[in-house]
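Undergrad: Residue strings, one per chain:
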Amino acid sequence: MRGVSIIGIGTTPFGVLEGLGLKAMAIQAANQALADAGLDRKEIEALYVGNFISGVLTGQETIAPQIGDLLGLRKDIPCTKVEGACCSGGIALRHAYSLIASDQAQFVLAIGVEKMTHASTEKNTEGLATAMDHDSEGRTGLTFPGFFALVAKRHMHEFGTTAEHLALVSLKNHDNSVNNPRARFRNKVAIEKIRESKLVADPLRIYDCCPISDGAAAVVLCSTEIARRFNPNPVEIIGTAQSTGYTTLYDTPNPVTLDATVIAGKKAFAMAGIVPADVDVVELHDCFTIAEIVDSEDLGFFPKGRGGFAVAEGLTRVDGKVPINPSGGLISKGHPVGATGIGQVYEVVRQLRGNHENQVKDAEIALTHNLGATGQVVTVNIFRRAS
Amino acid sequence: MKIDEKTVPVLRCTGCGTPAIPPRYVCGACGGIGFAQDNLGAQATIYSYTVTRVAPEAFRADVPYTVLLVDLAPGLRVTARLASDKEGEGLSIGQSLTFERVDGRGVYWFRAA
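Line by line, the protein sequences give chains A and B.
Residues in the first sequence are numbered consecutively from 244, following my numbering.
Residues in the second sequence are numbered consecutively from -4, following my numbering.
Bound-form chain A, shown alone (with noise of 0.2 Å):
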């Protein structure tokens, strides 16, 4: 195996594109990323497209080699979309490291994208509700909201996590996210706005939850050994691993943590030769509060039960001892689902070149985590710095 770097990035803002379609916001991001790499289109060798319901939200399925063949990439290249709901932009992530790593291609280009925001309340519901099993679970009337809901009610009962602790991860997510010009949300929200904010699902509020949105985003990669000629600053990939959690929650052994979490971290942990200590800056995937505090737990930076008391320690600041979400997180930065994993690491790819908006002091470690539906399917990576 050789070592990957990224040399590109490229993005659309997240939030309500009006007039922007699917394939022009991922062809935007694209031509970013290669302008960024100083890259040249047809050296590119595969791509892989992240999405997760442009069938069900936009009408329009095979968009991979629709999108390769607008971009103008070659024509003897595989063009592929994946997906895993949430978590279908690290997984395109991962496939485009894979083919470089293995050395069937020397370069190539991940994109994620998500259109949302043109469709009703009751499409996106129903899109983003067909990555719940729909044999079982699902139709109990089980939505996103009340799956996390459950597990908040549970850890605050195990652990004494409370609402404020909750409206505490927002309110620290609506408040990085005012210096990031890619967010949706730039305004500061009064705390008092977020506790009295709409119930979704008992204990979620609205502002518990992350808003549908469109985006999206692309990096190009290439092998660690030329990724010099092309970018003074490449960041390496130096963990990456995938797994595989449970369809529902009630088989889900301890719905307190979502394993596929904790097992993508160790192996990517123990891929990079790190711990989580080591880590400066963390970008994970907060669809509700209450997934920041498990994840933050489940990925090892605190122990099991403490997470929502280090948010409310100030810890997860971005000056804190585990910056976590500074970019404003799907909470407030958006989510526009298939584009999220590639929008994470667009993100620490800027803080380990030193130039975030937010920017973390020193950055030379960095961890991406996205997480797809139920926590059936995780990615996490971890980014270094070029030294």
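Hints are computed from structural coordinates only; laboratory data are not their basis.
It should be emphasised that the depicted structure is a prediction, and the values quoted were computed from it without experimental measurement.
Worth double-checking, as some hints may not be accurate.
Just some of the chain B residues that point at chain A, by a computed CB distance under 8 Å [as the list claims (entries may be wrong)]:
| id | residue |
| --- | --- |
| 1 | ARG7 |
| 2 | GLY10 |
| 3 | THR13 |
| 4 | ILE16 |
| 5 | GLN38 |
| 6 | TYR42 |
| 7 | TYR44 |
| 8 | VAL46 |
| 9 | ALA50 |
| 10 | PHE54 |
| 11 | ASP57 |
| 12 | TYR60 |
| 13 | VAL62 |
| 14 | VAL73 |
| 15 | ALA75 |
| 16 | VAL102 |
Here are the simulated lysine-lysine pairs, DSS-like style, with alpha carbons at most 30 Å apart [to be verified]:
| id | chain 1 | residue 1 | chain 2 | residue 2 |
| --- | --- | --- | --- | --- |
| 17 | A | LYS509 | A | LYS604 |
| 18 | A | LYS318 | A | LYS431 |
| 19 | A | LYS510 | A | LYS604 |
| 20 | B | LYS81 | A | LYS441 |
| 21 | A | LYS318 | A | LYS436 |
| 22 | A | LYS441 | A | LYS431 |
| 23 | A | LYS366 | B | LYS81 |
| 24 | B | LYS81 | A | LYS604 |
| 25 | A | LYS266 | A | LYS318 |
Glycine residues also receive a C-beta, built at the ideal position from the N, C-alpha and C atoms.
Mind docking chain B on chain A? Use the hints.
TA: Below, chain B without anything else, positioned relative to chain A:
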């Protein structure tokens, strides 16, 4: 320990006897692929619960409704609905439940004991 009169329908692995909530294709305990219908004399208790207030179209008429995660036996839970819903009022984790029925869609229903 009180055993409910009504018992909860489950699948039971014909290889090792481990119970499972349907559908189940491969036994999580032994890897067996044979299952028989059975009933479990379950002491059902609440593991977690939530009152859903925003629902997809198919469940809109039910809002607000309570979804339960129910402990049935060691290692066996089921995601279920609360019958005669009062918006989750008075529920608490660990509380005993009585099994009500499995409806035509395969959804398990319980009520507060």
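Undergrad: Report the numbers of all earlier hints that the structure fails to satisfy, in ascending order.
TA: Numbers 1, 2, 3, 5, 18, 21 and 24 - these are the hints that the structure violates, sorted from lowest upward.
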